[in-house]
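Asks: One-letter residues, chain by chain:
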Amino acid sequence: MPYLYNTSEDQQEMLAAIGAESIDELFDPIPAELQLDRELDLPPAMSEMELNSHLSALAAKNQHAGQAVCFLGGGCYDHFVPAVVDAVASRSEFYTSYTPYQAEASQGNLQVVFEYQSMVTRLTGMDVSNASLYDGASSAAEAVLMAITATRRHGKIVVAGSVHPEYRQTIATYLENLETELVTVDTPGGVIDAEELAKAVDDSTAAVVLQQPNFFGCIEDGQRVADIAKAAGALLITAFDPISLGILARPGDYGTNIAVAEGHTLGTPMSYGGPFLGIMACDQKLVRRMPGRIAGRTVDRRGNPCYVLTMQTREQHIRREKATSNVCTNQGLFALRATVYLSQLGPQGLRETANLCLQKTHYAAEQLCANERFSLAFEAPKFKEFVIRDAENKVEQLLKSAEGDGILAGVALGQWYPELSDCFLVAVTEKRTKAEIDALVQSLVNSKAVVPVQV
Amino acid sequence: MRNTRDTESIFELSKTGRRAGRLPACDVPERSITDLLPASIVSDAPPALPELSEPAIVRHFVNLSTLNMSVDTHFYPLGSCTMKYNPKRNERAAAMPGLADLHPYQSDDTIQGMLQILFEMQETLQEISGLDACSLQPAAGAHGELAALMVAAAYFRDIGENRTKVLVPDNAHGTNPASAAMAGFDSITVKTTADGFVDLDDLKAKLDDEVAVFMITNPSTLGLFEPNMQVVADEVHALGGLIYLDGANMNAILGVSRPGDFGADMQHYNPHKTFSGPHGGGGPGAGPICVTEKLAPYLPVPVVKQDGERYRLDFDQPKSIGRVRAFFGNVGVLLRAYAYIRTHGPDGLRRISENAVLNANYLLSRVAHILPVPQGRRCMHEFVASGSTLKRDKNIAAMDIAKRLLDFGYHAPTVYFPLTVPEAIMIEPTESESKETLDAFAEVLFRITEEDADLLHEAPHTTAISRPDEVKAARQPELTYSVE
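Chains as they are written, first to last, in the numbering used here: chain A, 1 to 455; chain B, 1001 to 1484.
Derived by calculation from the structure, the hints in this document are not laboratory data. Any given hint could be a false lead.
Calculated pairs, BS3-like style, for lysine-lysine (alpha carbon to alpha carbon, straight line, at most 27 Å) [said to hold, decoys possible]:
1) A:K230 x A:K285
2) B:K1088 x A:K61
3) B:K1206 x B:K1165
4) A:K285 x B:K1472
5) A:K322 x B:K1472
Turn these sequences into a full structure, and let the hints steer you where they fit.
Replies: Structure, rendered in structure tokens:
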């Protein structure tokens, strides 16, 4: 077995020292009737070469974003990952280290977390960030729970229909067994209608949840939403796009109380959806309610500056059922990746990346809509994705045909929005070249009429 | 050798005008930003991130990494964390473009290889647990606990039973009661005996038909197999409750005993413990859960299903609790676990547990000469020593021993958990360590107990920093960089 040291000689010596006859004897405390009397029914062991071949063969059955051109969005994007991020994240001391409970053994990790937190506050314009949570959706759900306890309003949470459906579903699951109701304000125009929102928000509302840019890629009027929430004494939770903050106003600048995001776009590959990085930052006054780990700066006994996990009395290992959350893991390695990524880009690089997304997105939308068959579903300004309506209402076939051309053209929206079953979502990142965009347009415009769709 | 200058705060390394990354020129006709977006939403300037050259970034972070202990560099006998070797072939596997560069919304046709791996993972975890259905969705162990408790809540609601309580042993990991509270249950503590076993009398006193779930860690957080497991399961089941198995300690029983066979209705796994996923300085992890057939309809969506030769994502689960996250799951972690399990096969998995248990018992026999081990001479994959006599006799606390171990190049074991053992020192060597390492560790531990108490109170002495002022950090939090 590849990862064991113990030879049979070692085992004999150890058994002698323990005073046991055999290893089996060490399992005697398990009642015989509870011990498995057969081998696990699993395939036999593989050597490294065989494992490699096996996984390569399975990988070859997938069309990946290095082969097919990816225009898929909806919260996960094909952004560029600089080599520096991989190089740093593959340092043994980073990826095989543990949670930094012993500060003296973990100053590397703790300083990285502190730098990550610092970058997130600058990125978002918020007062304080935690060390990260699992992903964007669960961060949004945790923000909701935070808002409920902070406002002591258990009545409802108001969320826009233009917030990512899977975020809303996650929030709904988290609220299922609690008394708080989740109220969705539909967004048939692709963005929040301020009047509709104002009707839904009242003094039983703990928070309003906004996504900026929203799931459809549209820009919301964040300030207006913030004003409505504030007028009712509710908190504003904004789910933001980290890349967009190269250009867009920051959540903290328009009155967000808790900012959350999916941070995989900051240096982590798509990985079929996970593991990812849940960013959370909040107002200073909410910090003691924030879930997850937080690193702080202090001094050691010799007066040297150092970093340490702090405010742990919020956390489960101390407060147990009274903890702010049950969260234990943070996405340490991906917070590191995000920190390196943001360092690599710097302010100018982030602005340029955001601008490329913006420009290419607009170019793609224009080119596509030059054809009569396609039109923009929504008028609102967009950042890096947009919703296309297919006049022929053959979205499945369209996307299938594009796959055949080596293009992952878009995400069908009918699965979440029945009224948009003739629509699909197209995302254009800084990686997409003009040639690729032109090929996308060609493929969709010339799409084979009827392609059998496997159900 | 450490370079102290380049581990200054990254903000202090910043200089206006420095740049690392360059983007390609815009190859589409470029328009003014304010033509495309309302001026009110456009920021005047990008966020104030540091400005660095690429060599500075590398030098900074690589130097920071040298300030960490890690499994690749040190023995890390952290009880309940299973700090085993993180195989490099798993890293290579997870980085294959055909596995890493996949978007979660790609059609099933374009990801048959990925779906096959995920399906096989579901089946594999079911087989190892002796349970019937699996969800790979949860992002961490605690997340799995939460999801499973929500499954239980949905089940009882569906069968029309109003059950509001979850019972949790007093030596359970803190996530257990925290998860119960988040799932809307009242968390009630059940006492354990001095050996860390469930106090049957206390359990019976607290069991009633309002109890939804009894959460148990088995082997326990003291590293012992619950001798009354069958009785506990029978008692809970008799009143219609469910048993949840906290699977953090699966490393002790792989291929030896299965939670489904000893009465569990639900369990979570920690692939970043048991199946060698790297801990990444605190994450990511994953928390897949397995449940019995009657609970399967309530599992989060989606699950992977197989129709003949083809695999697909199945969302048609009307009784599902819904989603607990966006997208499918922590696939990168699950891939590594898959590679690990395929590397070992059934006999290899059993050998892992055999050697984990052997190593722990051997180390126990050595440590028992130095510190009391209240549970006795035997354990499973981990054991808990107590520093309480040392505290009483020499005023040396468990924390002091932990800190001094750092000076000798060992990461400290887990201290002060479980709460039921005073001055607890929880030691889990894992199977991927040598007898020589265990002997050396025991010798150092002995040396430390003979050292001067004042020396120990100020330990560690050889690390870059020593004894951070945690009180100051909590009372005057400094959580973000500011120019002084």
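Asks: Evaluate each hint against the coordinates.
Replies: How the hints compare with the structure:
{"no.": "1", "hint": "A:K230 x A:K285", "verdict": "holds (15 Å)"}
{"no.": "2", "hint": "B:K1088 x A:K61", "verdict": "holds (23 Å)"}
{"no.": "3", "hint": "B:K1206 x B:K1165", "verdict": "holds (10 Å)"}
{"no.": "4", "hint": "A:K285 x B:K1472", "verdict": "holds (19 Å)"}
{"no.": "5", "hint": "A:K322 x B:K1472", "verdict": "holds (23 Å)"}
The structure fails none of the hints (numbered hints given earlier).
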